[in-house]
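Chains P and G supply the protein sequences, listed in that same order. Position in the first sequence counted from 1, then plus 64, gives you this note's numbering. Mapping of the second sequence onto this note's numbering: position 183 corresponds to residue 166, and the numbering continues sequentially without gaps.
I should point out that these hints are in silico values taken from the structure, not numbers from a laboratory. One should not assume that every hint holds.
Cross-link-like lysine to any residue pairs, in silico, SDA-like; alpha carbons within 25 Å at most [unchecked claim]:
{"#": "1", "chain 1": "G", "residue 1": "Lys151", "chain 2": "G", "residue 2": "Val164"}
{"#": "2", "chain 1": "P", "residue 1": "Lys180", "chain 2": "P", "residue 2": "Glu169"}
{"#": "3", "chain 1": "P", "residue 1": "Lys183", "chain 2": "G", "residue 2": "Ser229"}
{"#": "4", "chain 1": "P", "residue 1": "Lys175", "chain 2": "G", "residue 2": "Leu160"}
{"#": "5", "chain 1": "G", "residue 1": "Lys157", "chain 2": "P", "residue 2": "His143"}
{"#": "6", "chain 1": "P", "residue 1": "Lys183", "chain 2": "G", "residue 2": "Lys153"}
{"#": "7", "chain 1": "P", "residue 1": "Lys200", "chain 2": "G", "residue 2": "Ser229"}
{"#": "8", "chain 1": "G", "residue 1": "Lys151", "chain 2": "P", "residue 2": "Pro277"}
{"#": "9", "chain 1": "G", "residue 1": "Lys153", "chain 2": "P", "residue 2": "Arg181"}
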Amino acid sequence: MQLEERTASIDIENVNHLFPGGVRAVSDATLRIHAGEFLSIVGPSGCGKTTLLNLIAGLIELRDGRISVAGGSPRAGRHEVAYMLARDCLYPWRTALENVMMAGEFRGVPKATRMKRAKELLGHVGLAEFEDHYPKALSHGMRQRVALARTFSLDSPVMLMDEPFGALDAQTKLQLEDVLLDLWNAEKRTVLFITHDLNEAVTMSDRVVVMSPRPGRIIADISIPLPRPRSVRALQKDPHYHEIYSNVWSRLEEGLNQEGRHAP
Amino acid sequence: MNPETRRNSPTVLILQIVSLVLFLLLWEWAAKTRAVDPLFIGQPSKIFAYLYQSVFVDQVLLKEAVWTLSETAAAFVLGSVAGIAFGLLFVLYEPIERFLDPPFSALNSLPRIALAPLFLLWFGLGPISKIALGFSLTFFIVLNNTVAGARSVDSDWIILARMLGAGKAKIFFKVTLISAVPTIFSGLRLGLIYALLGVIGGEIIASQYGLGQLLSLLANTFETNGVFAVLFFLAALGVTLSKLMSAIEAYLLRWR
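Could you put the whole structure together from the sequences, leaning on the hints where they help?
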């Protein structure tokens, strides 16, 4: 089956989430993410963006509202959904290659197939020579590259990423953003990318959605008209990018100010 | 310089050898001049003579060691297998742990050597009573480490495995269990030494064979040199077993 033919959108309608103790994490979120779209959610820490992601992932039980992911309801472990965290979460007892092969192993992909795919992906992320290294012998950035390869090793049409580069230094982060964009360009999947870094969101996404501080509400939904394919590093010097960035920034401030006026 | 190289630096090694030799010489002198009665402390030259005789000539020590080691091996293997099995059962089905906790805690708090008379009554003077005693020590150590190891698994590893589509069984065997291996291993290393302790203890109390029985026989006949010889031999045996476990561990856990 071709990737493009699948229904790979995420539909979120009137989703609310209260944590035990009455803390409202997500407030009336409605959002539609199209198949093959790269969408980022930005917002200050604690605004509920991770909660929203985990609701979509099926890691938190949805109680109020409706979510549809790739034509089904959220459930952890669905083949249609890949997931990546800020922590690399590599298994230390497995080599880089074995870690990338892990995803397919859990899903019963034949060994030869997953080995071929894993080697290919490690090549793409620039770690072909580090296949047999254990995670302890890899740097932070390299470990996150392995995690990227692992995330892409499944042909899930939807990818959920929770600040995957949040723990990296600025240089490594730019490199890995480009690695991700390259992988994504090759096989446009739906990406929902959580970050608190507006620069990262604008350079990578087709659309940026801004969430307010708790209770998390969607306060802006902005299209990023930068041409593809992009290079995150080249964009840093592009005046057109800076124009868009400041535009998004003022929309964000506007949204936050309006929120301030609405707040009791 | 890391602690490992510092510990093995030649200066320290030379100092260790020199002080050992000095200590033995002092001991030899004290025994020879009867500054201390050799009945209590033996005499190094005679201890080594006994060691030589009983290892290379009549091989008494080796023959008894075969008994002790086979009993230890049996106690260790049975205790470890049962300890790991119960540990995993406890982690998988917590109600079983809650149900068994009172009797297990009570048994674990009991000085195990106190069970020796009962085991002798049940299993006789032969190897089985020694194996039972060693088992009773190894079992609880390995059990506790298995439970602790499996419980301390990183929760993000589990979440990731779930998201990657792993079922409960795969998560358990491919993540939880493997992540517990280092902790289980430190339990096994300790468990082996305690298996030896249980077996020797059992042999000292009542036995026909084994190093413990030999030790007790020699002490009762005031063969102090023999007693020390057996102790040296046991110390060497313990160190060897420990090193062996460490080597296996270093190989299996080379990813650490």
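So, against the hints stated earlier in the document, which numbers end up violated here?
Hints 3 and 8 not satisfied by this model.
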